[in-house]
Amino acid sequence: MEPDAQLVQGCLRGEGPAWEELVRRHTRRVFNLCYRFTGNSTEAEDLSQEVFLRIYRTLASYRPAFGAFPTWLTSVTRNLLVDHYRRTRRDRLTDSIEDAMPKLENKQSAARTPDKLALASELSAQLQQGLGRLSPELREAVILRDLQGLDYSEIQSVLEVPEGTVKSRINRGRIELARILEEMGLRPQN
Amino acid sequence: MTDWNCARTEERLSEYLDGILSPAEAAAFSAHSSSCDACGKLVAQVGALVHHMRALDALETPPQLIPKILESTLGPRTQSAGWQRWFAWVPQLWQPRFAMGVITVAATILIALYTTGISPTKLKKADLSPTNVFRTANRQVHLTYARSAKFVNDLRVVYEIQTRLQPDAEPSPSITPAPAPQQNTQPPAVNPQEKSQTSPHPGHSQSRNGTMLASLLSGNWTGNFGAVVICNIPRSPQ
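Keeping their order, the protein sequence lines are chains A and B. Counted from 1, the first sequence has number 115 at position 116 by numbering that gives the first Met the number 0; the numbering is strictly sequential. Counted from 1, the second sequence has number 165 at position 166 by numbering that gives the first Met the number 0; the numbering is strictly sequential.
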């Protein structure tokens with residue numbers, strides 16, 4: 000049995016240390032996914048906390064036979080991110096400045112927050128800004144593939160869309176992001 | 000794959016970069032992108048972006064995030080590591096009942112020190128040696144015992160005098176004066192002035208006794224004890 004599956008079994012038996020280990024093992028992945036999607040450190044922390052709260056309550060519904068625990072965790076995180084995006088969309092639409100420049104808030108907050116120190120370089124910060132200008136469907140596909148390192152089948156099970164749609168979203172997302180970065184005067188070198 | 004064009008290159012770009020094209024498709028893709036400037040530029044641009052994103056390190060988890068998650072799921076937790084565990088009980092001392100207890104104990108110690116004559120400000124290092132502590136304690140115990148014994152004896156004398164003076168206020172024939180102690184019959188030091196004051200006026204015993212009691216209670220009465228007894232013992236019958 001995989002370590003994650005053993006930990007999940009321990010959690011279901013009510014073992015606190017097993018849950019603590021599970022949290023320590025996967026918090027970074029969840030936080031990164033949330034941060035890359037929202038571009039805001041505070042939001043990412045709150046969402047990560049919400050993700051683990053949901054995992055804690057629904058852990059009994061996890062079946063190892065249906066996929067690895069990280070994939071299930073990513074799926075829960077992604078669903079929560081989509082809920083969050085829909086929940087906050089009205090707020091964003093009512094803001095005229097954000098209407099003109101979607102994700103301006105995310106861009107500014109990414110530049111302001113202390114997380115800037117954690118970003119590897121200015122290129123990384125601008126990449127985050129570029130991600131914020133992608134549509135949510137393309138953004139999540141690119142994040143899952145290139146920043147979270149999931150393969151196509153895993154992304155397919157997380158997004159619950161056909162394989163062709165996954166490929167299409169990843170491809171369009173990458174091309175769109177490259178164009179956005181070029182507009183920003185940024186061209187990554189190989 | 001002679002029908003490979005720019006639209007198809009853009010459409011299959013990610014599959015090419017991820018290496019999931021068939022060998023024939025990959026060959027056609029490479030052939031077109033190397034011959035088409037626009038497609039070649041796009042492939043290089045997106046390829047660099049993908050390479051860059053995959054090379055990025057994951058962001059560090061904020062230090063407060065994991066404790067917050069554990070607290071929201073498992074409840075409040077008190078984690079203290081290393082030496083902090085040894086002092087985990089200290090904050091509990093600031094509860095009102097413990098604080099009052101500490102203050103009471105400190106006040107008791109201060110009062111005890113003050114009573115025994117030990118001044119914390121005048122303490123020297125040598126005073127703390129076991130020998131000196133024992134010597135001081137022994138001395139204080141003996142002094143206290145001697146003072147207590149003296150106080151009890153003094154009280155006994157005062158009450159004895161009061162008992163003897165009582166018949167003057169309420170004369171009763173049944174009460175006879177107690178026999179005088181041996182040492183009082185021949186006092187070692189008799190105040191002639193006091194004797195001269197008392198002997199000519201035996202009838203004024205009440206006021207005289209009041210004066211003597213006052214002098215007794217004022218403190219310096221032990222020296223006059225003999226005179227007091229002499230003045231009262233050989234009383235003439237009224």
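What the hints contain is simulated information worked out from the structure, not anything from laboratory work. Where a beta carbon is used, it is the ideal one built from N, C-alpha and C, also for glycine. Any given hint could be a false lead.
Listed next, with one range per pair, are the computed distances between beta-carbon atoms [said to hold, decoys possible]:
| id | chain 1 | residue 1 | chain 2 | residue 2 | range |
| --- | --- | --- | --- | --- | --- |
| 1 | A | Gly13 | B | Lys124 | 54 to 64 angstroms |
| 2 | B | Lys40 | A | Arg23 | 42 to 52 angstroms |
| 3 | B | Ala30 | A | Tyr84 | 40 to 50 angstroms |
| 4 | A | Pro16 | B | Ile110 | 50 to 60 angstroms |
| 5 | B | Pro62 | A | Gly163 | 37 to 47 angstroms |
| 6 | A | Val160 | B | Pro22 | 24 to 34 angstroms |
| 7 | A | Pro161 | B | Cys5 | 20 to 30 angstroms |
| 8 | A | Arg24 | B | Arg96 | 36 to 46 angstroms |
| 9 | B | Arg7 | A | Val160 | 14 to 24 angstroms |
| 10 | A | Leu122 | B | Lys40 | 15 to 25 angstroms |
| 11 | B | Thr107 | A | Gln8 | 57 to 67 angstroms |
According to the in silico footprint, chain A covers these stretches of chain B (three or more CB under 8 angstroms from chain A) [to be verified]:
| id | stretch |
| --- | --- |
| 12 | 18-28 |
| 13 | 52-62 |
| 14 | 117-125 |
| 15 | 136-149 |
Evaluated hints:
no. : hint                                   : result
1   : A/Gly13 x B/Lys124: 54 to 64 angstroms : holds, 59 angstroms
2   : B/Lys40 x A/Arg23: 42 to 52 angstroms  : holds, 44 angstroms
3   : B/Ala30 x A/Tyr84: 40 to 50 angstroms  : holds, 41 angstroms
4   : A/Pro16 x B/Ile110: 50 to 60 angstroms : holds, 52 angstroms
5   : B/Pro62 x A/Gly163: 37 to 47 angstroms : holds, 42 angstroms
6   : A/Val160 x B/Pro22: 24 to 34 angstroms : holds, 28 angstroms
7   : A/Pro161 x B/Cys5: 20 to 30 angstroms  : holds, 25 angstroms
8   : A/Arg24 x B/Arg96: 36 to 46 angstroms  : holds, 44 angstroms
9   : B/Arg7 x A/Val160: 14 to 24 angstroms  : holds, 22 angstroms
10  : A/Leu122 x B/Lys40: 15 to 25 angstroms : holds, 19 angstroms
11  : B/Thr107 x A/Gln8: 57 to 67 angstroms  : holds, 58 angstroms
12  : 18-28                                  : violated (count 1)
13  : 52-62                                  : holds (count 9)
14  : 117-125                                : violated (count 0)
15  : 136-149                                : violated (count 0)
In this structure, the earlier hints numbered 12, 14 and 15 are contradicted, and the remaining ones agree with it.
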